[in-house]
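Chemist: Residue numbers (the working numbering), protein chains in the order written: chain E, 1 to 270; chain F, 1 to 303.
The set of hints was computed from the structure by calculation and includes no laboratory data.
Be careful, since some hints might not be right.
[Unchecked claim] List time: in silico PhoX-like cross-link candidates among lysine-lysine, alpha-carbon distance up to 20 angstroms: (1) Lys117/F with Lys49/F; (2) Lys281/F with Lys293/F; (3) Lys168/F with Lys91/F; (4) Lys69/E with Lys164/F; (5) Lys117/F with Lys101/F; (6) Lys132/F with Lys190/E; (7) Lys237/E with Lys210/E; (8) Lys164/F with Lys68/E; (9) Lys193/E with Lys57/F; (10) Lys101/F with Lys57/F; (11) Lys68/E with Lys57/F; (12) Lys132/F with Lys69/E; (13) Lys42/F with Lys86/F; (14) Lys281/F with Lys271/F; (15) Lys190/E with Lys69/E; (16) Lys57/F with Lys91/F; (17) Lys197/E with Lys57/F; (18) Lys86/F with Lys168/F; (19) Lys237/E with Lys119/E.
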Amino acid sequence: MLMSASQEILHRNNVKVIGNGSTTLILAHGFGCDQNMWRFLTPLLDADFRIVLFDYVGCGKSDLSAYKKQRYQNLAGYAEDVEEILSALNVVDAIFVGHSVSSVIGMLASYKIPERFSKLVMICPSPCFLNLPQDYFGGFEREDLEELINLMDKNYIGWANYLAPLVMGDNNSPELTRELTSSFCSTDPKFAKPFAKATFFSDHRSALDKLEHPTLILQSSNDSLASVDIGHYMQNKIRQSTMEIIQAYGHCLHMTRPSIVADKIRTFCC
Amino acid sequence: MLREQRSLINLDAFPCLLLVTDLESNRIKSCNQYVETMLCTKHNEVLDKSISDFLSKATLILFESYIRPLILDSGECIEVQITLIKGLNEKLPAVANIILKDGCLHWSIFSATERDKLYQELIDSRDRLEQKTEELIVLTRLDPLTQLLNRRAANEDINDMLSKSRRKFIPLAFILIDIDHFKALNDKFGHAQGDDALKQVSDVLGQSCRDTDVVCRWGGEEFLIVLYDSNANNTVQFCDRLHKNMQNITVYQTNITISIGVSHLTSRDIKKKNMFEQIMKRADTALYEAKNKGRNRTEYSIN
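So that you can see chain E by itself, here it is in the shape it has in the complex:
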């Protein structure tokens, strides 16, 4: 049976809707993982909120045959996934919760369809990971990020799967593509490298002051990817924003401090 356009999008992005509540939270995973990284947080929020979970195309259990090289070269392409999911579910006034790069992706989507957003929560965000001396220090030199792309290549074991489409013609047919490994983090370079490039080589600082929606920035006190200074930078640029620094190590607050993150979200949303 043919799927409707909305059903196709929900299938494409492996969209799951859980929880109870009149307010919708949409949780957007960051670079490297998929919606499973929210599994520590969702049990703390699903009694109060309707929660939308999804995987960007190319991540997790998304439909890999829907991957478009051109579209996912920059973050606007990933923002289109968010726009289309919210439209397919006909959600208005959603609270968008984005981890790391997804904070920027959510921000870009909110410019396109502002009516579908009410607030944004940014967990460990950064608008630019590059050091741009005199002006801005995102934490990384271009050569660090090029080494990252190379390391991702070297950590991918499925060479045969990668080479097969080159030999057989890359028609993205479901028979040739397969689900990413059972592990929820995958480094399949076909999908992960463009996401890495879109994430780490982009600069979205100039977009920050266009954000109109109330925004909560949650920054980890010790995060080697997104420092507290970057949190302050974003707070200064985003008009209606507040920042909370959570005493923690690492870049995955929603995995290491889920109860604190859940409390902050609840307070901010109610």
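Since the structure of chain E is provided, determine the placement of chain F on it from the hints.
Modeler: Okay, now just chain F, sitting in the frame of chain E:
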């Protein structure tokens, strides 16, 4: 007996780095003496430092984006290639196996210099293969004279368009173009001039279209354009513009003109099995009519 065997195990004697770090803070709580060989740093200077002090910046991103989430989810991360910082600032490729136990990460890290070289060769080979494949795809899809799509590539792209239109109707305009009196031009001025006319016409057609349209050399002096998402009015304007743009093309002071036959994909067509053939047949009939009516004009098929 077991205890006796265990007492023989000297962790400092193993040619790999064994580390225990705090899951939260990344502080190094314990390590074997091999750290002095592998990282060129005194054993007592390593303790209490953060593991991030010995990881390259790229590895830090990998650690925060993949390794740590994976460990938090499944308790382990096996056979991951990382880059260590040795001595002052020397990079050392290494492979790590990491498991979570009692709130600490237990790392066994092996030097991987040779494996790294092999992987780099594999990556280089893959990149070369990828580049060659792309070049070959371009070569097999393009008409060598005009650099427009050839008929086979156009067929593929048009079938993709039609499949999309089957799922959600998108108006498509099929525009079949023929250079007027091309045979006479060839006979009079020679094949080189004929080829020049084909190239000039192709350039105009290519420049007149969007990325979403299909433009191809359908065969001989015939071209096919499929305009994506184009209604009847837009198509009329487009064809008028083509005739106008052709006025700039001359071969030995002879003006080049074209005849055009147009048909549209209708919502009724998409239910038919051989819709492509039927639409093309209508465009072909319209083109024949344009020629019969004196050439240098467009005729539209009435669906």
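Chemist: Does the structure break any of the earlier hints, and which numbers would those be?
Modeler: 1, 3, 5, 10, 11, 18
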